[in-house]
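A.B. asks: Sequence:
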Amino acid sequence: MVPRSNISVQKTLYEVLSVSEGATYNEIRAAYKSAALNTHPDKAQTTLESLPSTEQQEFSSVQKAWEILRHPTSRADYDKQLQSSRQNIEIIASEIKVGDMIIESTVDTLELLYPCRCGDYFSITSCELSEMGIFVSGDGEVELQASDSASASVVLGCGSCSLKTRLVINETS
214 MVPRSNISVQ KTLYEVLSVS EGATYNEIRA AYKSAALNTH PDKAQTTLES
264 LPSTEQQEFS SVQKAWEILR HPTSRADYDK QLQSSRQNIE IIASEIKVGD
314 MIIESTVDTL ELLYPCRCGD YFSITSCELS EMGIFVSGDG EVELQASDSA
364 SASVVLGCGS CSLKTRLVIN ETS
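Using the numbering used here, the first residue of the sequence shown is number 214, and each one after it goes up by one.
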């Protein structure tokens with residue numbers, strides 16, 4: 214089973230310091246000083262250990278952002294990782310259900326197909342689904358599903374283009 218989303222809602226280091234990704238060293242340094250002063254434990258007249266966890270985490274995030282962004286090499290490495298993570302985000306064109314798919318039967322497996330707008334198909338086999346604990350009968354009914362989940366979803370890629378769709382599988386499909 215593929216989780217619905219593996220994209221975390223986490224700020225970039227640039228967002229932590231409230232600067233643009235094209236900010237100069239001096240802009241980053243000024244933003245760091247301001248953020249450090251605003252989140253420092255002394256401002257709350259307390260120690261780092263006695264701060265509430267969100268405030269402690271905010272101060273630590275500011276420190277981490279400065280440690281990485283102040284050095285040109287570590288900043289360049291971070292920028293590469295950030296760009297790479299943005300390119301790996303899956304954009305789902307649509308959501309479909311098992312009942313929406315065309316079922317083709319072969320000797321030992323079922324192939325579930327859904328037409329893509331490019332003319333090719335999104336596809337998955339009953340063998341691939343069974344590896345996830347999901348069994349599909351010849352008429353397209355979900356027979357048994359892993360007991361730890363009431364519903365599941367699988368991201369399917371088109372055979373020809375870059376579009377992706379999410380196959381939503383419910384026990385009542």
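Source of the hints: derived by calculation from the structure; they are not laboratory data.
Some hints here could point you the wrong way.
Here are the simulated DSS-like pairs of lysine-lysine, each with C-alpha atoms no more than 25 angstroms apart in a straight line [to be verified]:
| no. | residue 1 | residue 2 |
| --- | --- | --- |
| 1 | K224 | K256 |
| 2 | K277 | K293 |
| 3 | K310 | K224 |
| 4 | K224 | K277 |
| 5 | K246 | K256 |
| 6 | K277 | K310 |
| 7 | K293 | K310 |
| 8 | K224 | K293 |
| 9 | K224 | K246 |
Simulated restraints, written as ranges between beta carbons of each label pair [to be verified]:
| no. | residue 1 | residue 2 | range |
| --- | --- | --- | --- |
| 10 | E344 | A289 | 15 to 25 angstroms |
| 11 | Y238 | F348 | 24 to 34 angstroms |
| 12 | N251 | A289 | 25 to 35 angstroms |
| 13 | F348 | G370 | 19 to 29 angstroms |
| 14 | I304 | I281 | 23 to 33 angstroms |
Glycine included, each C-beta is placed from N, C-alpha and C at the ideal position.
A.B. asks: Each hint needs a verdict: does it hold in this structure or not?
C.D. replies: Each hint, compared with the structure:
{"no.": "1", "hint": "K224 to K256", "in the structure": "holds, 23 angstroms"}
{"no.": "2", "hint": "K277 to K293", "in the structure": "holds, 17 angstroms"}
{"no.": "3", "hint": "K310 to K224", "in the structure": "violated, 33 angstroms"}
{"no.": "4", "hint": "K224 to K277", "in the structure": "holds, 12 angstroms"}
{"no.": "5", "hint": "K246 to K256", "in the structure": "holds, 13 angstroms"}
{"no.": "6", "hint": "K277 to K310", "in the structure": "violated, 43 angstroms"}
{"no.": "7", "hint": "K293 to K310", "in the structure": "violated, 37 angstroms"}
{"no.": "8", "hint": "K224 to K293", "in the structure": "holds, 16 angstroms"}
{"no.": "9", "hint": "K224 to K246", "in the structure": "holds, 18 angstroms"}
{"no.": "10", "hint": "E344 to A289: 15 to 25 angstroms", "in the structure": "violated, 40 angstroms"}
{"no.": "11", "hint": "Y238 to F348: 24 to 34 angstroms", "in the structure": "violated, 58 angstroms"}
{"no.": "12", "hint": "N251 to A289: 25 to 35 angstroms", "in the structure": "holds, 28 angstroms"}
{"no.": "13", "hint": "F348 to G370: 19 to 29 angstroms", "in the structure": "holds, 23 angstroms"}
{"no.": "14", "hint": "I304 to I281: 23 to 33 angstroms", "in the structure": "holds, 28 angstroms"}
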